[in-house]
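Chain by chain, the residues run as shown.
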Amino acid sequence: MTGKQPNSGQEPLYDTISRILRHNITSGRLPDGLVLIEGPIAKVMQTSRAPVQASLRMLNAEGLIHRFRGRGYLVGPALPGLRPIRKALDEFDFEIPSSSRSALAVRGTWQRVYDKVEAEIAACQIFGEFRVIETELANHLGVSRTVARDVLSRLNERGLIRKGATSHWLAGPLTARTLREKFELRSIMEPAALRLAADWMDHAQIARVCDQIESGMTKDAAELEDALMKYCLSRAPNSALVEIITNNRLLLSAMDKALSDLGLPVDTVALDQYGTLFRLIKSHQIHAATEYLREHLRILSYKSLARLKIVALIPESDSIPKYLSRV
Amino acid sequence: MPAITRNPHKLSSPPQVKRRILRVRGTDVTLLDEVRQMAIADLGFDIQHESLDFLTCQHRAAMDPMNYDIYEQCFHNLDIVWYWGALQPIETRRIKQWDNIGDLAKTGGISKYTWTGHGDAPVRKLYVQPDGTLGQQPMPTISMLPTAHNVDSFGYDTRLFGAEGPEGSSWAWLLDRRARGRIALVDEPAIGIFDAALAAEANGDLTFQDIGNMTVDEIDSLMALLETLRQQGFFVGSWVSPDQAEALVHADRVSVQSMWSPSYANLGPMKDVFRESFPREGYRAWHGGASLARHLTGSKLDMAYDYLNWWLTGPAGAVMARQGHYMTNAEGLREYLSPEEWGYWYDGDIARCDLKGPDGRIVVRQGQRRPGGAYRERVSRIALWNTVMDEYNYAARSWNRFIAALGAATP
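Same order as they appear, the protein sequences are chains X and Z.
The numbers in my numbering rise by one with no breaks, and the one at position 94 of the first sequence is 94.
The numbers in my numbering rise by one with no breaks, and the one at position 201 of the second sequence is 201.
All clues stand as given, with none of them false.
Listed next, with one range per pair, are the computed distances between beta-carbon atoms: (1) X:Ala222 <-> Z:Gln231: 43 to 49 Å; (2) X:Ala105 <-> Z:Gln209: 54 to 60 Å; (3) X:Gly164 <-> Z:Arg159: 45 to 51 Å.
Using 30 Å as the maximum straight-line C-alpha spacing, the simulated DSSO-like pairs for lysine-lysine come out as follows: (4) X:Lys163 <-> X:Lys257; (5) Z:Lys271 <-> Z:Lys356; (6) Z:Lys300 <-> X:Lys219; (7) Z:Lys106 <-> X:Lys303; (8) X:Lys116 <-> X:Lys182; (9) X:Lys309 <-> Z:Lys106; (10) X:Lys219 <-> X:Lys257; (11) X:Lys309 <-> X:Lys163; (12) X:Lys230 <-> X:Lys282.
Worth flagging that the hints you see were computed from the coordinates, not collected in a lab.
Beta carbons: idealized from backbone N, C-alpha and C, even for Gly.
Throw the hints in and build the complete structure from the sequences for me.
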């Protein structure tokens, strides 16, 4: 599906977005003073906000747009007396060149494809060791082998698959040993990230999470685990550390999801523990929160081992995709 | 009878009181009809038994938690059902005989000098810890009330192996080349895998750092060994229920196999040929018990506690004893056994007369002595417990593939 432009799926999305915006500004389609806000642009481009943010920063650095006292940016150089124009993009002759259009579309497809495969590959590992067959994967997804290969190398980078001795791609098995190792990593890295993130956390969000827990609105420990990652750990000013933490969690959350889908009940003890943890963070007791997180992870590790035993009751489902073959 | 003269119509109408029912889900290890009838008579409510094989029982207890009140299984099957959230903690203050529960369950061994054994010793799963996990730190609530237990070995054909001699037999016999083509294993992964592992270690093929918690590599080696032996035609097959194991002996298809205590009474004419072993490496032990379903409350919960307490009153323990199983509060059932029965089953004495089993058939002939001897001798020689290891998911899947390749043994 990417026949003409095999790399277009890999170009950073913000480059594509910058190119489109640049084209519309330099061709005069967007007037000076037009307010550019990431949300509406993301909607037009059918992407998330993050790459739009990045491309606006780029265009700002290039001098094509500039910051002003309001939210967002204004098109053109910062001239005195320029009045902000607040209108939707589609009121102008906004154009997405066809080459960029396909790049955007491919990008969207690629991401969707990737997310699906990532979930499938993570979930299969509780059933044992599987070989991932590249040609079958391409057929299964209806994409070229190039795209399939890109997907596989990304999975490899994230630690979900590896090359075997005969250079086949292998996934799994998720064993108690893997689980123990992953939790050991968690208890080394996550408290460290929490400490580093102390001055960077989003306290408004943390207060909101605390309120939700107290009002009994949060019923899912996985939700709180995500919130801890999003508002606390990922704020650590060390992106390499955050990336390792994220990747290390992938398999664990896949296993949790597989079990929750089977109707495993809510772990109320874990919910309580997250409540305590968020309260400590909210009151800026980072040292205590770090220690508490370590203890919480120790208990979680023990429980996860017990949950992994439960997995033995789940029959190897027929839903294992064809591109995976048992080793 | 003034009531009748006042209202004669009452006589012809059926009783209006609905029988209260307690539903027990478990295995045929403890779900005996003799026990059920006695409990009904003593407790005044109805008891329904749902007897399933080990794996189905565990699976349904976890996934279908509303359709039973009591779960009767073993401590090693507890983890899965417990962490599924299907059970509720038992308050020991509501167990009248709590103080008489044996040390084998409560502390891990019959004395502090005995070795606890590898794997899931019941004490490691007994107490409900404040964080919701199970552990051996004493707490006011427990996960399962300890009841019947035993130590298992394997059965062997004396025509092939001869008499045991003073040293006892060895687990190595279970994979002995002389028995090639006449070996059967039990299919339950938390049990059968350990029979095979004990045999492989005893005959020197493999060593395990902790046989009760094998590593992935150790499991792979064990399964590779078993697969090789399977291809060489060592095995007749596997069995699921004890009567299948007995049928294999009746048909003279096995020389050595996994086998459990009550089966030795059911061997008919093969009884003198096929014997219970007394392995020098020690026994594989198990401890049964009863747990409360999560959904129980109010009067239903009271009934369940009555039933748990009843288990420790003696009659049930006497039935268990007559099929070779021990009870956790042994002294409590002594008065329900004849001195000859107590002497044979618990003290390891030579039977002074023929002894009957739970169903009235003669199961022990005068002059016999229980292999392994007295209770204290036998339970102080526990090599390991039936166990759901950390790598259970991995081990059970490998084991089940092996069992599927092996096929069921049909006599």
